[in-house]
Amino acid sequence: MAQNAPTRDRTVSARALAIAASVLAAAAAGMVFQIYGAADGVGFLDVLRSTLIFFSTWWLAWGAATALLGLTSRQRNPVARTSGAILGRTVVIVPVYNEDPRITFARIAAMDASIQATHTSAQVDFAVLSDTRDDKIALQEQHWFARLLARQHGEGRMFYRRREKNTGRKAGNIEEFITSSGAAWDYAVILDADSLMEGDTIIEMIRRIEAAPKLALLQTLPRVVGATTRFGRAMQFAAGFHSPIFARGLAATQGRTGPFWGHNAIVRIRAWAESCGLPELPGPAPFGGHIMSHDYVEAALLARAGWLVRLDDDLEGSYEEGPENIIDHAKRDRRWCQGNLQHAKLVLAPSLKPWSRFVFVQGIFAYVAPLIWLAFIAASIAAVYWVETPDYFPEANWPFPTFPNDQTPKAIGLAVGVFGLLVMPKLLVALDAIFTRRARGFGGIGGSLRAVLTELALSSLIAPILMAFQSRSVLQVLLGRDGGWPPNNRGDGGLDISEAWAAGSWISWLGLSGLIATHLMAPVLTLWLLPVGLPMVAAPLLIWWTSRIAGPQAFPVPEDTTIPPILTRHNAVLTAWSIAASAPNATPLAEAKLG
Amino acid sequence: MNVTIQTGAKPAAKQITLADLMAPPCAALAMPKQVLTASPGSLMRSLRRLLWAVAPGLRRLG
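Residue numbers (the working numbering), protein chains in the order written: chain A, -4 to 590; chain B, 875 to 936.
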């Protein structure tokens, strides 16, 4: 069977198109701003602002170009499903770190049952790799593992081990498993603790990697499920509605080099072992030490070794959960920020594919971009503050005033253009969804359009807050503060107002100070800054409000009406275990018998 | 790891410890550490390769 790899020509064309379009848009924006700023003479601040606008616009245009590529690039011919015997042995790896073991192990039970329901003869084992630091949770993990074994008759094909030290975090956890037990299997499905995959999806992934000997990693596009809050539902909708298109565009540019997002993917263990041993980076954290965002690096290393890394976005039945509130999102983003900035040390790693380097640069830019916008705002305030009063009578003894060339329309045009780059991709995805009838699953034409517009409004409101959190993260990393490895909060996500105030009051003060300073120094800019400043002032309120439970009609997704079978299985296991756990005199042994 | 259980797969009479059940098999696999630090001279090589990678597409666009 063919590798079904993206062809080199198509990949090169996609890359060139995206680069050319984004650079042209950025250059146009920079030039327009330069003309606007130079109306009263060219100064240092004008050049600085034009440069900042160039880079900010490039980043926005890059996102828009990715979406356009996703909309216009045909989906690769779906790989024909095969039905022959599977020869390779597979292990499903579930790394855990202070997670709720009952929920995590119920997921494993559901996936195992789903695999068994496919009636294939494939050997698919499970390994829970615990890095849990809390001894009480670790004890519960053993308890629930016993329940899992008993329920699924998993002896000899379900394994659990806990490391004494969590060296290298998740990447080190997997590496330790591969080096001590990896030779027992041919393929590994790497999951997160909150991952869920249908059995037939896992079997199909095994078939595809087995059929393509050069394929080292096959990534699925996980859909976010289980969100209940306003923020969580909005993110879930965006992930389900917009992300497939963006991901297809991303895959078009990455070609044979990725992407890999760290979970819901299958890897060829031999290739992984040969290529993905991650060293510690020289120097102290946050830039040195263990590699935090290891997934991008692993994809780059596999590509460096000549292996194919592929995203198959046609594979459905792959799920994950997302953060339910802005604080959890910001905590995760802090980790990702440090991980991506750490890639600055890897951009020049020897023999990497050029595009892998560019992927690192993109990751870094994603976190630097908010600082560029902030710098632009600050420079604009300074430019107004220091602007010289125009000389209306430059010529002596000439009775009529000379007015400076009014370039305001250019500034407005530029603002509209930048806003368009932000909004246009999502609106085009909405149109595409309507024409391809994908919108049906998202509330139909009316429902999906309403959700798109609401999501746009909500994301515009919270963008300044996320920008503040991101900027703080970048500054912390640059100042050498290690964010550590806080466990994910997978609770219901609801926050009370005091928690929201504790997390977001600094943003309020920052926004208020910024608005007051602008009003004093450059009153003409106050109105322009209100869309950024007001949400910042209201940050605690917005953090609290978005963490509330969403209405039943808010941000519809297909999974609301057609519950995926794997979710039904998971809920059934959880219900059975909850009933058993609440029984009088419940003990691990008795509960294990109940299964 | 002192929890003792009985599983459905085992006869009721035989008791095994959870520790016996849960350890993954010993099947070692070498995982050499990769070289990720660049030599100073590799910057130009990297830039050149990046240029060569992008140039055909740009030419095509032109």
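Treat each hint with caution, since some may be false.
In silico lysine-lysine, DSBU-like type, Cα no more than 30 Å apart, as pairs [stated by the list, open to error]:
#1 A/405 <-> A/421
#2 A/160 <-> A/340
#3 A/421 <-> A/160
#4 B/907 <-> A/131
#5 A/160 <-> B/907
#6 A/326 <-> A/340
#7 A/326 <-> A/209
#8 A/209 <-> A/421
#9 B/907 <-> A/340
Just so you know, the hints here were simulated from the structure itself, not pulled from any lab data.
**Restraint check for residue 907 of chain B with residue 131 of chain A, where alpha carbons must lie at most 30 Å apart** = Not OK: residue 907 of chain B and residue 131 of chain A at ~34 Å, beyond 30 Å, violated.
**Request:** Starting from residue 160 of chain A, check that the Cα of residue 340 of chain A is at most 30 Å away, please.
**Result:** holds (26 Å)
**Message:** With the threshold set at 30 Å, check whether the alpha-carbon distance from residue 405 of chain A to residue 421 of chain A stays at or below it.
**Reply:** holds (25 Å)
**Asked** Given the hinted pair residue 209 of chain A and residue 421 of chain A, is their alpha-carbon gap at most 30 Å?
**Response** violated (35 Å)
**Message:** Check the hint pairing residue 421 of chain A with residue 160 of chain A against an upper bound of 30 Å on the C-alpha distance.
**Reply:** violated (44 Å)
**Asked** Quick one, are residue 326 of chain A and residue 209 of chain A close enough, alpha carbons at most 30 Å?
**Response** This hinted pair is violated, its Cα atoms lying about 37 Å apart.
**Prompt:** Regarding the pair residue 326 of chain A and residue 340 of chain A, is the alpha-carbon distance no greater than 30 Å?
**Reply:** holds (23 Å)
**Message:** Next pair to validate is residue 160 of chain A with residue 907 of chain B; report whether the Cα-Cα distance is within 30 Å.
**Reply:** holds (19 Å)
**Asked** Quick one, are residue 907 of chain B and residue 340 of chain A close enough, alpha carbons at most 30 Å?
**Response** holds (16 Å)
Checked against the numbered hints given earlier, this structure breaks hints 3, 4, 7 and 8; the rest are met.
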